[in-house]
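**Q** Protein sequence lines, in the order shown, are assigned to chains A and B. Every letter in the first sequence is one number past the one before it in this note's numbering, and letter 179, counting from 1, is 179. Position in the second sequence (from 1) plus 1000 gives the number in this note's numbering.
Calculated from the structure, these hints are not laboratory results. Incorrect hints may have been included.
Unchecked claim - The list that follows gives simulated cross-link-like pairs (lysine-lysine, DSS-like), each with its CA atoms no further than 25 Å apart:
(1) K169/A to K1114/B
(2) K346/A to K1130/B
(3) K169/A to K1298/B
(4) K1308/B to K169/A
(5) K1300/B to K1327/B
(6) K1231/B to K1308/B
(7) K1327/B to K1298/B
(8) K5/A to K143/A
(9) K1114/B to K1258/B
(10) K50/A to K34/A
(11) K169/A to K1292/B
(12) K185/A to K1138/B
(13) K1105/B to K169/A
(14) K44/A to K238/A
(15) K183/A to K1105/B
(16) K1074/B to K1105/B
(17) K183/A to K1011/B
(18) K1114/B to K346/A
(19) K346/A to K185/A
(20) K183/A to K1130/B
(21) K1105/B to K1153/B
(22) K1114/B to K185/A
(23) K1308/B to K1114/B
(24) K1105/B to K185/A
(25) K185/A to K1130/B
(26) K1138/B to K183/A
(27) K1004/B to K1017/B
(28) K1175/B to K1231/B
(29) K209/A to K13/A
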Amino acid sequence: MSSVKNLRYNFMKDLGAPVLMRFSSLRKKRHPRKLNPDFGPALKSTNRLKEIMTRHYFLSRYAEGAKPVAWVTSGAPVELLRAFDFYTFYPENHGALCGTQKMGPELCAVAEEHGYHQDLCSYARIDLGHYFSGKTPAGKLPKPDILFASNNICQTVVYWYKALAHYWKVPLLLFDTPYNFDKIKEHDISYMVRQFEEMIPLLERVSGKRFNYQKFQEIIYIAKETSITWGEVLATMKARPAPMTIFDAFVHLAPIVSLRGLPVALDYYRTLLSELKERIDHGVGAITNENKRLMWDNIAIWYKMRDFSDLFAEQGMNFVTATYTNAWAETIYYLDVNQPFESMAKAYSLVILNNNLNNRLELMERLIKEYQVDGLVIHSARSCKPYSVGQYDLRRLLMYRLKVPSVVIEADITDSRVYSEGQTRTRIEAFFEAMES
Amino acid sequence: MTRKEYLIRQKEEKGRKLFGIFPAHYPKEILWAMNVLPVEIWDPPLEVSHANAHLQPYICSVVKLGLELILQGKCDEIDGFLFPHTCDSLQNLASMIYNYLDLNKPCYFFYHPKAPYRDASRQYYLDELKSLVLRLEKQLGALDPSELKQQVKQGQQVATLLRELYSLRAHGELKASNVDFYQIIRRGEYLHPDDFLPLLEEFLAISRGQVVKGPSVVLSGILPSPPDILKLLDEMGVRVADDDLLNCSRRLSVPTSKDEDPFEAMAENYFAMPPCTTKDSPLNTRVDYLFKKIEYSKAKGVIFYMVKFCETELFDVPQLVEELKKKGLATLVIDCELNQGLSGQIETRVEAFVEMII
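This is chain A alone, in the form it adopts within the complex (with noise of 0.2 Å):
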């Protein structure tokens, strides 16, 4: 790492990022957004996310050669890159702001014109097509020194950073997690510790610092505690009305994907929870007119979010639950500072993606329950295979067991070249009538 980058890394951290978010918080004040009376007040919270999120991807322009840079898969056991001080980067939470920004569609016919195919997951082909033209919203994006994937979502980020480490010529570190068919079993386990201890030595020599057990043990304590606490921010949902919505989640969700195991993101779920507790305490909903509750299966449709929060709102139909939010809090509590290797196995490996459907039959059915759910909007996500491939039958079997309507939005996270807006009007509009009924 050279000393004068680390220098500027340093600076930009200390001076130059506080400065850059007062600068920014000034010129948001300016254009305040135009309220719509189906909402409740904003959460005050937002603008410290904002504050965060964005220091982030500023900072990591000035990442690369001050730090060592890691580029991570949103469900890979980041603790363990944090006890060495990696400064880490999502192309998940990339692709999902080149959605938001309405960029996927661009971004993919780059990777495309590259030979790669449009069947292809779009978060991947966002962050290949970044690679090729280097466009993205975050101005510029820090190379890797690491790339750290986890097969427990999906193989598709490994066949995805297999292709990145081609083009980079660095090393890819895998965390193979055996698929939770019907229960873990031991060899699985001694299998995945064994892949942590022999990650370490790669791991200190890309650093070229020295593993330190007490200070991963730390990491691994704020790790669990913020998703403790994400846990507890999704809960304040199960108040009627609801404090805040799912597409509230989805923006807040960032942290806990991209900041997990830094006293950031927990310092900051402790705010968004104390503000949503107040919230609850003063009967403040996040849309003023709840009659409806309804679940989200699947990651979000990035670029449809404003136009389904509105559409959704209008209807007095408020999204309190999703399985997606969930997932980052299902199964930390197994995290354990005693036993940190053992612990992270088992909270890694049963997350919803890499567990068997009935787990998540099971879950959906207490979600439902815990929420009081009446109604459930699934999206069938064509980049999202682990996640889409059984949601028919998921379906059927709680229209079956809880008389739950529901509805299937076939349709992409960002690529919004293959998102039919009649389509999915029509859905959704046979979808509101069912809930009247």
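For chain A, the structure is supplied; the task is to place chain B on it using the hints.
**A** Positioned in the frame of chain A, the structure of chain B alone reads:
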């Protein structure tokens, strides 16, 4: 004898249980040793109808046809299913069938470690083999270790013969057409080695001989299906000199293990298999492997014969094509649905490709 007649005779005359096996890598020797005949399910000749109620339009036809086979009641003779971990779609299909479809048939799952391999990977593979045996024993009774040893040897005999066939073909010393070659190879998807070995020996004996000179190619992808491509290449005088197909040469270990412990031998064979997308093999190993095949067989180009929506294969294609082109080799990428034949447009593209390599 048709495939179905053969399977029924195996059951009735040999007392063997039949297991439906979804793609791709699994320890068939364990099944043979437990008197089970593995019957692989890749591309049953069916029209997809029932499966569409369970699977989205963007799911590949290997997955859809496998489910269709079950939903049409064509697996009644099957005594159990084995799902190796191959890709996201097959992983979820396994869980769908096991958790949601009430089949009342035993379902087993087999996870194999993904590359890049570490010390932990080999131990895990051995543990997973032994765990599979324990699970199977509950249904099938105890495994006889000497029988497993025998079946590992028989499996190696099959692999040796297959490698000889591949070697002769690569050197232009096998007269068989593309269609005939793959018809024989693919019978290994369901024949017991007692029957497959003599078939291979006979095929080897009658097919040995110099071929008429002409351009040759390497075929890469999941499986040589729809087989129309083979017929088309035969008609155009183009020889498939070698392949990089998941259900063919990617499952051939080179060389086979001599270890006396059957589990160790199976593990050694698994890790000696060619690089494969379903095992997350790094791209450089796949590039090197393809170059070796091309050099060995003097092929003029590579046809990537993709199953539509197969992310596992499609992700590697751009880099492979780029590396092949750097060496001046011709490439053609085709993706199509199984059992739908070749469209006129694809035929034209194949013809244009062949004109390039003549």
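**Q** Checking each numbered hint in turn, tell me which of them this model violates, lowest number first.
**A** Numbers 3, 4, 13, 17 and 21, in rising order.
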